[in-house]
Amino acid sequence: MSGEQNALRRSQRTSTLSKRKQEQLLTEQARLTERQAALEAKKKKAKTISEKDKKNHKATTKPLQPPEIETTSDNLKIEGAGEISNLEGTQTITTGKKDKKKEVDNSCDESSVKQEKKTAIIKLRIKNKESGSSNSKGKEITNSKGKSKAVLSTKSKKTKKLEGSKAPQYVPSNIDKLASTYPDNYWQFHAESNTGMINYLNFQYQLQLINVDVRDQGPITGMTLSPDGTMLVTFCNVGAARIWDTREFKLIQKLRDTEEKNIDEFFVGKFTYNQTHLVVGGKLKDRNRWSEEDDDNHILPCPLKIFDVISGKVIARLEGHSEEVLCIKNITYKGEPYFLTTSQDGYIIKWKLQEDWTTLISKTRMEDGITCMAFTVSFVPNTGNRYFMAATDEHVRLYDFEAAQLVQTFSGNMYSQYCDCAKFIYPVESLEGDSDDNDSAQEGSSKAIKKSSKPKSAYLITRGVEILDAEGGKIASRVNVCILHKLNFPTKKGGSFNLEEIRRYHHKDYHSNSWLIKISSNGRYLAAPTMDGGVFIFNLKNGQVSGILRDHDDLEVRDVIFHPWKPLLFTCADDGCVKIYTYSFLENDDLNEIDVEKED
Numbered sequence: 001m002s003g004e005q006n007a008l009r010r011s012q013r014t015s016t017l018s019k020r021k022q023e024q025l026l027t028e029q030a031r032l033t034e035r036q037a038a039l040e041a042k043k044k045k046a047k048t049i050s051e052k053d054k055k056n057h058k059a060t061t062k063p064l065q066p067p068e069i070e071t072t073s074d075n076l077k078i079e080g081a082g083e084i085s086n087l088e089g090t091q092t093i094t095t096g097k098k099d100k101k102k103e104v105d106n107s108c109d110e111s112s113v114k115q116e117k118k119t120a121i122i123k124l125r126i127k128n129k130e131s132g133s134s135n136s137k138g139k140e141i142t143n144s145k146g147k148s149k150a151v152l153s154t155k156s157k158k159t160k161k162l163e164g165s166k167a168p169q170y171v172p173s174n175i176d177k178l179a180s181t182y183p184d185n186y187w188q189f190h191a192e193s194n195t196g197m198i199n200y201l202n203f204q205y206q207l208q209l210i211n212v213d214v215r216d217q218g219p220i221t222g223m224t225l226s227p228d229g230t231m232l233v234t235f236c237n238v239g240a241a242r243i244w245d246t247r248e249f250k251l252i253q254k255l256r257d258t259e260e261k262n263i264d265e266f267f268v269g270k271f272t273y274n275q276t277h278l279v280v281g282g283k284l285k286d287r288n289r290w291s292e293e294d295d296d297n298h299i300l301p302c303p304l305k306i307f308d309v310i311s312g313k314v315i316a317r318l319e320g321h322s323e324e325v326l327c328i329k330n331i332t333y334k335g336e337p338y339f340l341t342t343s344q345d346g347y348i349i350k351w352k353l354q355e356d357w358t359t360l361i362s363k364t365r366m367e368d369g370i371t372c373m374a375f376t377v378s379f380v381p382n383t384g385n386r387y388f389m390a391a392t393d394e395h396v397r398l399y400d401f402e403a404a405q406l407v408q409t410f411s412g413n414m415y416s417q418y419c420d421c422a423k424f425i426y427p428v429e430s431l432e433g434d435s436d437d438n439d440s441a442q443e444g445s446s447k448a449i450k451k452s453s454k455p456k457s458a459y460l461i462t463r464g465v466e467i468l469d470a471e472g473g474k475i476a477s478r479v480n481v482c483i484l485h486k487l488n489f490p491t492k493k494g495g496s497f498n499l500e501e502i503r504r505y506h507h508k509d510y511h512s513n514s515w516l517i518k519i520s521s522n523g524r525y526l527a528a529p530t531m532d533g534g535v536f537i538f539n540l541k542n543g544q545v546s547g548i549l550r551d552h553d554d555l556e557v558r559d560v561i562f563h564p565w566k567p568l569l570f571t572c573a574d575d576g577c578v579k580i581y582t583y584s585f586l587e588n589d590d591l592n593e594i595d596v597e598k599e600d
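Start counting the sequence shown at 1; every next residue gets the next number (this note's numbering).
If you're looking for bench data, these hints aren't it; they were derived computationally from the structure. None of the values given here were measured: they were computed from a predicted structure. It cannot be assumed that every hint is accurate.
Label-pair restraints from in silico Cβ distances [to be verified]:
id	residue 1	residue 2	range
1	S362	D296	31 to 41 Å
2	P172	S311	24 to 34 Å
3	S291	P172	15 to 25 Å
4	E501	K334	31 to 41 Å
5	T258	E293	23 to 33 Å
All C-beta atoms in this analysis are idealised placements derived from N, C-alpha and C, irrespective of residue type, glycine included.
All chains should be modelled from the sequences, with the hints used to inform the complete structure.
Set out below in structure tokens:
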């Protein structure tokens with residue numbers, strides 16, 4: 001699609017914007033202003049308490065052994081928009097009453113047969129995963145066995161950073177050894193991995209919308225793929241997680257906590273590696289209490305809920321966050337399973353688990369004391385999951401996972417209000433003009449860690465939200481951008497990491513001044529959602545816009561995922577829909593016949 005056509009469509013959409021949408025936009029901007037004021041107040045309070053703690057406490061550090069393995073939805077690619085077909089035959093999916101223990105479509109025999117068929121599909125997915133018979137190439141993730149039905153509850157009071165708490169020094173030789181023993185598996189799938197993932201997007205390789213109906217009854221705030229890529233899960237603010245088959249895009253399971261008496265909203269989630277369980281997080285609100293400050297039901301402590309995928313029941317709850325859970329990572333560190341979560345309460349928590357991924361052994365908060373809001377995390381490549389970067393407040397921070405300590409804060413001139421997403425990427429081309437510049441970032445994963453005299457580095461993409469202009473309070477004070485950074489590793493013991501800015505991605509029609517939006521990359525392109533129903537595809541190397549997808553209503557697009565070995569791109573938005581794209585020259589039958597082994 002040409003730039004003139006995109007501009008025309010943008011102009012037409014803007015001119016026909018309804019009064020209701022304008023009011024929604026003003027409300028969103030007002031909330032951003034309120035949150036900005038709350039953030040400043042929270043920082044002042046944190047600083048005061050921290051100074052008081054320094055006088056009364058000694059440092060205590062409780063190192064935990066964490067492991068990690070992120071799903072590869074971060075490392076995908078896409079670009080360019082093609083002809084779009086309209087969705088047909090859409091229908092509203094009704095939700096069962098809250099006091100029912102299980103949702104049902106009908107009480108007839110036909111419904112029972114359908115449900116049995118869906119359950120059989122899920123069991124087959126799990127069986128294939130455990131037996132390693134999935135058609136995914138190079139899927140090496142550790143399988144955990146056994147099930148444990150236990151309700152887990154822990155209590156801890158918010159504490160501030162204690163004087164003397166300090167992360168251990170960075171020792172290059174130790175980290176190299178750790179990375180060699182426990183290599184990353186994040187970068188198995190990317191634009192040049194020859195696995196069938198979307199690679200190029202241009203006039204020859206355009207995208208088109210697949211005519212399927214994947215939706216929910218409210219805004220879909222997040223998505224995740226199963227480790228073997230056969231299932232897509234959508235998370236909705238009506239307290240539902242729906243599991244879809246990625247071959248026929250049919251609904252095969254609906255997950256709701258039927259025993260929850262309060263109001264659930266699901267934001268994020270992850271499969272366990274054997275695909276038998278799904279951990280979900282979000283927001284829990286008091287059904288009988290109103291908050292004037294939030295203009296919503298009063299928020300309660302927000303637990304992680306672990307669902308049995310087949311039965312659809314909650315078999316464990318992990319208590320620890322006092323506000324919304326915004327990100328969940330499932331990782332292994334030194335061979336042991338962990339969850340890592342972030343929250344609007346400002347805390348990052350690691351949860352050490354037994355091998356069944358449902359039984360809690362211990363939990364530890366990252367020693368910080370200054371973060372007001374923690375959004376997303378991404379583990380640093382080639383460190384054996386020892387270090388991770390977190391998007392917090394208006395900048396990014398580096399943490400030591402084992403020591404549970406803050407290592408460094410990188411401020412700079414990033415964003416004036418929030419940095420709500422940070423992801424390490426695998427660049428398939430040189431991003432700085434030197435073909436060797438990204439060698440160190442590409443090492444690891446499925447390759448052995450190579451010895452090199454050249455300092456190691458990795459590339460990080462961030463996006464954020466700007467403060468509203470002082471006069472009208474309606475538009476961002478600065479243009480919205482995504483930023484490419486290069487993280488340079490220390491070269492000697494006790495050295496510091498260095499984060500340098502490489503490039504900014506922006507466009508006059510790229511409007512994304514709304515928080516809780518995630519970006520994605522396949523190593524060649526950056527997919528960046530907007531707050532008006534679009535997804536911009538930037539070329540990582542030259543910063544140019546390769547395509548714009550505009551198929552959602554004029555509302556926030558929340559998440560975007562590249563399928564790791566099929567030419568599929570998923571987007572979800574506040575309109576309650578998931579849009580699925582593929583190459584315009586492919587038919588649905590072609591997608592079902594794709595076998596990774598044939599993609600040479």
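Ascending list of hint numbers which this structure does not respect: 2, 3
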